[in-house]
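Visitor: Each chain, letter by letter, is given below.
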Amino acid sequence: EAGVTQFPSHSVIEKGQTVTLRCDPISGHDNLYWYRRVMGKEIKFLLHFVKESKQDESGMPNNRFLAERTGGTYSTLKVQPAELEDSGVYFCASSRGTGARGDYGYTFGSGTRLTVV
Amino acid sequence: GQSLEQPSEVTAVEGAIVQINCTYQTSGFYGLSWYQQHDGGAPTFLSYNALDGLEETGRFSSFLSRSDSYGYLLLQELQMKDSASYFCAVRLSGGYQKVTFGTGTKLQVIP
Numbered sequence: 874e875a876g877v878t879q880f881p882s883h884s885v886i887e888k889g890q891t892v893t894l895r896c897d898p899i900s901g902h903d904n905l906y907w908y909r910r911v912m913g914k915e916i917k918f919l920l921h922f923v924k925e926s927k928q929d930e931s932g933m934p935n936n937r938f939l940a941e942r943t944g945g946t947y948s949t950l951k952v953q954p955a956e957l958e959d960s961g962v963y964f965c966a967s968s969r970g971t972g973a974r975g976d977y978g979y980t981f982g983s984g985t986r987l988t989v990v
Numbered sequence: 329g330q331s332l333e334q335p336s337e338v339t340a341v342e343g344a345i346v347q348i349n350c351t352y353q354t355s356g357f358y359g360l361s362w363y364q365q366h367d368g369g370a371p372t373f374l375s376y377n378a379l380d381g382l383e384e385t386g387r388f389s390s391f392l393s394r395s396d397s398y399g400y401l402l403l404q405e406l407q408m409k410d411s412a413s414y415f416c417a418v419r420l421s422g423g424y425q426k427v428t429f430g431t432g433t434k435l436q437v438i439p
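So the sequences go chain by chain: A and B.
Numbers 874 to 990, taken from the working numbering, label the letters of the first sequence in order.
Numbers 329 to 439, taken from the working numbering, label the letters of the second sequence in order.
By construction, these hints were calculated from the structure, which means they are not laboratory data.
These figures come from a predicted structure and were not determined experimentally.
Warning: the hint list may mix true and false statements.
[As the list claims (entries may be wrong)] Here are the simulated distance ranges between beta carbons:
hint: 1; chain 1: B; residue 1: SER393; chain 2: A; residue 2: SER931; range: 26 to 34 angstroms
hint: 2; chain 1: B; residue 1: GLY369; chain 2: A; residue 2: THR943; range: 23 to 31 angstroms
hint: 3; chain 1: B; residue 1: GLU342; chain 2: A; residue 2: LYS924; range: 40 to 48 angstroms
hint: 4; chain 1: B; residue 1: ALA378; chain 2: A; residue 2: SER931; range: 21 to 29 angstroms
hint: 5; chain 1: B; residue 1: GLY369; chain 2: A; residue 2: LYS927; range: 25 to 33 angstroms
hint: 6; chain 1: A; residue 1: GLY945; chain 2: B; residue 2: ASN349; range: 37 to 45 angstroms
hint: 7; chain 1: A; residue 1: GLU887; chain 2: B; residue 2: HIS366; range: 24 to 32 angstroms
hint: 8; chain 1: B; residue 1: LEU382; chain 2: A; residue 2: LYS951; range: 39 to 47 angstroms
hint: 9; chain 1: A; residue 1: GLY945; chain 2: B; residue 2: PRO335; range: 36 to 44 angstroms
hint: 10; chain 1: A; residue 1: GLY945; chain 2: B; residue 2: PRO439; range: 43 to 51 angstroms
hint: 11; chain 1: B; residue 1: THR339; chain 2: A; residue 2: GLY876; range: 28 to 36 angstroms
hint: 12; chain 1: A; residue 1: ARG986; chain 2: B; residue 2: GLN353; range: 25 to 33 angstroms
hint: 13; chain 1: B; residue 1: ILE438; chain 2: A; residue 2: SER882; range: 28 to 36 angstroms
hint: 14; chain 1: A; residue 1: ARG895; chain 2: B; residue 2: ASP380; range: 39 to 47 angstroms
[What the hints assert, rightly or not] No farther apart than 30 angstroms at their CA atoms in a straight line, the calculated lysine-lysine pairs in the DSSO-like style are these:
hint: 15; chain 1: A; residue 1: LYS917; chain 2: B; residue 2: LYS409
hint: 16; chain 1: B; residue 1: LYS409; chain 2: A; residue 2: LYS914
hint: 17; chain 1: A; residue 1: LYS917; chain 2: B; residue 2: LYS434
hint: 18; chain 1: A; residue 1: LYS951; chain 2: B; residue 2: LYS426
hint: 19; chain 1: A; residue 1: LYS914; chain 2: B; residue 2: LYS426
hint: 20; chain 1: B; residue 1: LYS434; chain 2: A; residue 2: LYS914
Beta carbons are placed, not taken as given, at the ideal position from N, Cα and C, and that holds for glycine.
Extracted from the complex, chain B is given alone in its bound form:
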């Protein structure tokens, strides 16, 4: 089967940089996505890596290395509002193309 592992919790200081890792055991996927979910809210799409390398969107960057079965989300200039859960996800190729989510990382930003 497929699995995507993430650290369960991460704490970082406001203004700092934090990296949330995602390691996976799956094959044949189109790319790696990241979603953010605030408590009680809807998961919202943040970024997508179709190819290996770094994708940058404002304060957020995401990285994928298929050879290492690894990706990460990098958040810079952390703000208190970044406190949320973050999920990596893959869309499996072939078949029904459903999106499989990682275990999720709860990020707490402290002053």
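Just chain A, same shape as in the assembly:
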């Protein structure tokens, strides 16, 4: 099966501009997650979709970030306007379910490296 695909792999934008990141999860995976790693620090949770619904968006840093998942398929994460501190690697992950027991792991995409200058 195809893995989680993210686009673009790299993006360099100026402060104040808008950037949209895209994630295509594994087909059939209802759960889609966005994470961010800044400056080699921990991988921080941003939000979680179950199909097209936002299940948990407690990690979204502020209202400059907007995530959508149209029709429960691919997801986009828009940053508008971008600030310098938004630079980092944005990862998307998907999983089939969130069973009460067991964790067979997320499948991550390779990430989008965002640089805001």
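Position chain B relative to chain A; hints supplied.
Guide: What follows is chain B alone, placed relative to chain A:
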């Protein structure tokens, strides 16, 4: 809140054994996972401990002790390709079951 602490960097010699520790302050989680991430790559799932004790998968083993709020990843017969960042992670029980990652350990394997 929840936090998972790891050493920031570890250096080990090719062929040796290295242990990467993870101490946590959280409650109510299903188990402890480990992920590996090479520079520029996707984090990949390595192992999962649902119960206390040792889980072995080839050269990698992972351990969990809930009473000590502690776990570790053990890498044996180190190879140069094992140089990467390693993250422990927990899936919180209840609520939305999101996975929370540790601070990450950058492992450098030297000849």
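Visitor: May I ask which of the numbered hints given earlier this structure violates, with the numbers listed in increasing order?
Guide: The structure conflicts with no hint, since it agrees with every one listed earlier.
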